[in-house]
Amino acid sequence: MADPKNPRFTDQQLAEVRRLQGLYPDKRGALLPVLHLAQDTFGYISLEIEAYVGTLFDLSPAHVHEVVTFYTMYFQQPKGRHVVAVCHNLSCHLMGAKDIIEHCKTTLGVEPGETTADGKVTLLTVECLCACEQAPMMQVDDRYEGLLTTDKVDRILGGLA
Amino acid sequence: MAEKILSKNFDSRDAHTLAGYRQTGGYRGWDKAKGMEPAAITEEVKKSNLRGLGGAGFPTGVKWGFIPKGSTAPKYLVVNADEGEPGTFKDRYILERDPHALIEGMLIAARAIDSRLGFVYIRGEYVQPWRIFGAAVKEAYDAGLLGASVPGGGFDIVIHRGAGAYICGEETGLISSLEGKKGWPKVKPPFPAVKGAFGQPTIVNNVETLVCLQHIITRGGEWFAGLGTKTQGGTRLYSVSGHVARPGVIEAPVSVTLRQLIYEHCGGIRGGRRLKAVVPGGSSAAILTPDEIDIPMDVDGPKSKGSMIGSAGVIVMDDTVSIPDALMVVARFYAHESCGQCTPCRESTGWIYKMTHRIVEGKGRKEDLDNILDVAKRGAGTTICAFYDGAVGPYISYIEKFREEFEALIRSGAHA
Amino acid sequence: MPKLTINGKEIEVPAGTNLIEAARAAGAEVPHYCYHPGLSIAGQCRLCMVDIDKVPRPQIACNTQVAEGMVVHTETDRVKDTRRSIMEFHLINHPLDCPVCDQAGECWLQIYYMKHGLYDPRMTDEKVHKPKAVPLGPHVMLDAERCILCSRCVRFCDEITGTGELGIFQRGDHSEIGLFPGTALDNNYSGNVIDICPVGALTDRDFRFQVRVWYLDTAKSVCSGCARGCNVEIHTSKQRPHHNQGKRIARLKPRYNAEVNQWWLCDIGRYGFRWIDDDSRLTAPAVKTDGPAVETTWDEALAAVAGALGRYRPEEIGVLASPQMSNEDLWALRRLLDGLGVANRDFAVPPREPGEDDKLLLRADRNPNTRGATLLGLGPGPGGLDAGGILDAAAQKKVKCLWVLHHELTASGFAAARVNGALAGAETLIFQGTNAGLTSARAAVVLPSAAYAETDGTFTNFQGRVQRFRPAVTPLGEAQPDWRVFGQLAARLPKLTAAGDAALGAERPDQVFAALAAGVPAFAGLSYRGLGDAGQMVKA
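Residue numbers (the working numbering), protein chains in the order written: chain A, 1 to 161; chain B, 162 to 577; chain C, 578 to 1117.
Hint data in this document are derived by calculation from the structure and do not stem from the laboratory.
Hints are not guaranteed to be accurate.
Said to hold, decoys possible - Distance ranges between label pairs, derived from CB positions:
no., chain 1, residue 1, chain 2, residue 2, range
1, C, Lys936, A, Pro78, 37 to 45 Å
2, C, Pro633, B, Ser465, 13 to 21 Å
3, B, Ala234, A, Ala15, 38 to 46 Å
C-beta atoms are modelled at their ideal positions from N, C-alpha and C, and glycine is treated no differently.
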């Protein structure tokens, strides 16, 4: 398993990094995609990974750190096997997001921003995911789940391995 | 029922594939455009009165014309697929259900502005749309619709995923993010058409705006203009959500009124309740009261009531809603999404959220309302980008139009 | 060049000038934080708003370039009200640290609030809290709460030093200046971020809590740390001698000079002034009779030196002058030595560790006046020995009188044995300098020199620029400027008194300079007045 404390991309991944860098007029444009690649590989973005990625871009670690801390999708601490991100913006709020969030907190036993003790789920509250027609809704890993009721939430959370 | 133009493929099972797309008449707009002079394409778009459909509503043909004439610099077409305006979801529909329509629109626009390289900036959370659009791009490459064989020197598309920041929907914030930096909007001048992504002339267009192009080319700019109002042509996709019976994406000519959208297209207020307030153009638009909804939903209609059409994200609130509570949610959003670059926005979005939060927690003070209003008015127009003005819209309109409700909450000391 | 009108006054400035600079040329100060003429435009603080005719809203002046016929107003009611608004935004989360903040008295939040704010604060919610008193490196202390996020420091580390240590992390009102964890702000220019930080977010660890800035006096001077001669201000705490731990000099700040150092100063120079107030300063002449040298009067010490100079033949005298000495010191010495016929003289003592150019300001040559010493002919005279030769001759007792000026020979690049041999071999060892050391300890006569900060004078930098330094403090104890001592010696040497040399007879340093300008073609036409604050080039 790739070690976030001692990060190295494989040769194949480094080739992908170079390919991505070549798509942009300035290779720095590939920083966000490469950070996504790093997060997919190592599970989250450690400081060591930031410094390592910096070397691939001739960027000081401080400037990589700026990018990682600016965007909400880069996790700076290990996250759960699943990320459950419940929208708490206006349309979802109007359609009962508050109850959905309370239910998730009680069911999972964590506050938003925390990960369950068994490492299964990280619960987040997030801003508009632009699926308001399905409000209240949440993002579970890669997919959107909408028209939520507490029952539907139970089924979804129960189905997470 | 008006003809479906932009949304005609939304309910199809396979229009997201090249074969399915072609069957519905796809790429005929590009077939015609690739034989046109770039200037002729721009002329047609100017005639169509097409306005940017991402939020700013700027005339598209005029925007293209800002690229310096005779410039030999590489020009970039950047697609703003960083849909993030609360209440808006129509671009997601296009990416998932009609991705080739975006590719076709990009080819037409690229020809008009002499671009060989297009970037599609998709918000990071849109994973399924990214995969579907990516598959469509691959199909297009395999069919020779993209790449070196595109007439005029070839055209490539680079798909770039965001990583979670609403401010990357602002065109220069998007450009900064595309360049591998924080999504900090850029001071203007220089404007993107002169010096944009990677220092080169750049046009940033919204997804839906580009999807309009094939229809303008095949059926004419005048036809498109005729569908709409005096200042804006065509139909557009309205995202309607909140307390309506049937939320969803509604296509209608831009002359449609807000009342028609709510009551005719979306089944009126759910559960037999009454309308209390409605946001016409995404959360950045000033709120409207029930007596203000007989306006056309074009670039001028909501403006006549002190609001804006923005991204056409319609959020409907019934009489169960606490407006102070709604404002707190919106204020929380702006405080969270402020990029932090310039002082008025960075400092006051956080402070104003604290005040709205105190109000809904029953700890409001009587001077809070005037403080919020005064601070918002002092900050409006002083910032690097329009994000803060988008925050000011709700700050001021929610309080001014529902002041009594705020004051009662502050007096009572109850939770909202 | 575009002509425009600012506050009713028509001016003409080069194309590309921004409105902050144009306003300044028209005599109007536009308040600003993030703008700095030496850095890229950020446009973040929003304070520099001005009104422009035909433009509906106020515009930031830093990012607006002059245009022909532009009409600008910097003091309309709307501009003033906008400034008041922007000041309020800046202070929303700013901590009330003034009583404990070093920046007080030179803080641009204070200054602009008093000038452009003066509103009643109404922010009564909890302010955002961030790390305080965080050492970023050996010289810089960060208080992230005080930071107004103008990004000057970030841009400095990117654009001037190219080291990129600093960043602005997170977003919104949780944005925070900082280092990548585990790194330090330890480049050789770290002190500059303290200068450019408008507030007390980045402060000097060296200066922390030492003395309030309103007690400081200032003198224009030049750094003596290398051959560039960066222009500086010396700030002294003479008004509160018991503050600053009793030391007179509190800090150095760079002074702008477009040709030499622009706005910047390296850390070696900035923090290299402690020797001036160090306990090792020589404050009284000393003469050795039996045993170690004993403090005595100038009269006795001068008599001893004059006696030695008179007693020995010219070829028995060896003089190690120093490129730490001013042009005035060196010229007066040259006149003295020429008058005596002493050809064994040199100024080039190699350093133990060769310095390195850092491609920015710092020069490999860590002496302020090598060029001056060269131009003024302090190298060996006809048939004379160079520095190494002088040392060897002293060891062999061929040079009997060894006069060392300023050099700590035991710390030089000369081998220890060679130095020891010279110091032991010389019959009469004279040391003239500012600080005691191993060489002075062995001297028969010790003459205390005033430091450059204690007198008027000039250095010639590596470019050939002659630059004035002004006295910041008076000479410590009985120390005197070297040129004055040479004149006093000359008065005791009959051959030289008769000659009546202008440099040696001078009572003021500008007279010495006038003499050297008359006597050395490279300096022809230069004068203290002409040198002004920015210096002048020697003739090619």
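Cross-check of the supplied hints:
1. Taking 37 to 45 Å as the suggested C-beta distance range, the pair Lys936/C and Pro78/A conforms, at roughly 42 Å.
2. For the pair Pro633/C and Ser465/B, the supplied restraint of 13 to 21 Å holds, since their beta-carbon distance comes to about 20 Å.
3. Range check, Ala234/B to Ala15/A: Cβ separation about 30 Å, and the 38 to 46 Å hint is violated.
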